[in-house]
Amino acid sequence: MIDNLLIVGTRNSTFSEKLQSLHELFSRAQKEESFRREIVKLGGIQVLIRCVEEEDTEIKATAAKVLSTLCYQNDEVRIRIQKEGGIKALITAVQRSSNTGLHKFACAALRNITYGIEENKRLAIKEGVIDVMFKLISTTDCNVVQLACAVLQNLTINALPSTVVFPIQRFI
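Going by the numbering used here, the first residue of the sequence shown is number 1106, and it counts up by one from there.
Because the hints were derived from the structure by calculation, they are not lab data. Hints may be right or wrong, so weigh each one.
Restraint ranges, calculated between C-beta atoms of paired labels, are given here [as the list claims (entries may be wrong)]: (1) S1243 to D1180: 30 to 36 angstroms; (2) N1248 to S1132: 17 to 23 angstroms; (3) E1159 to K1188: 18 to 24 angstroms; (4) E1160 to E1129: 20 to 26 angstroms; (5) S1121 to E1224: 35 to 41 angstroms; (6) E1137 to G1233: 32 to 38 angstroms; (7) E1160 to K1240: 17 to 23 angstroms.
All figures in this text were calculated on a predicted structure; none of them were measured in a lab. Beta carbons are placed, not taken as given, at the ideal position from N, Cα and C, and that holds for glycine.
Construct the entire structure; sequences and hints are all you get.
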């Protein structure tokens, strides 16, 4: 596991080494809670956020998928991802790409990160997530549309009425 994080975190790693390591991290993180905790403990969140900020779409999408898995049902990890710049990185990645796979995994991560954490919701709104999700709703991929709607739903749950203002004119 440490080897996979080192490979992913090293700028000298080849594309295939990095991608393979990300897939291995995801595969194991999906199955083992203790492995997810170990990734976080070893600084894996920052490594994954850097991957989301890279140029290659496949690396970004796979890193977003791992981040989504790490923060699923884990408020502590959701907060850490936000504090380390993960929300902004994910939103920026979606804005700069037309890749459906990246959109799907970044939205899944944003859905999990914004679930139940008011500060994460506020920051996501400040970073422009509402406009980004509305643009994705107009796509033809039903998985992306569903995930974008889930992000928007999370933003409205327990939010103060003045916190979230949806631009209704887009639907008229």
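Hint by hint, here is what the structure shows:
Range check, S1243 to D1180: about 32 angstroms between beta-carbon atoms, so the 30 to 36 angstroms window is met. For the hinted restraint 17 to 23 angstroms between N1248 and S1132, the CB-CB distance of approximately 20 angstroms keeps it satisfied. Between E1159 and K1188 the CB atoms are about 21 angstroms apart, so this pair conforms to the stated range of 18 to 24 angstroms. In this structure the hint that E1160 and E1129 lie 20 to 26 angstroms apart at CB holds, the actual value being about 22 angstroms.
Between S1121 and E1224 the beta carbon distance is about 38 angstroms. The supplied range of 35 to 41 angstroms therefore holds. Between E1137 and G1233 the beta carbon distance is about 35 angstroms. The supplied range of 32 to 38 angstroms therefore holds. For E1160 and K1240, the hinted distance range of 17 to 23 angstroms is satisfied, since their beta carbons lie about 21 angstroms from each other.
Checked against the numbered hints above, the structure violates none of them.
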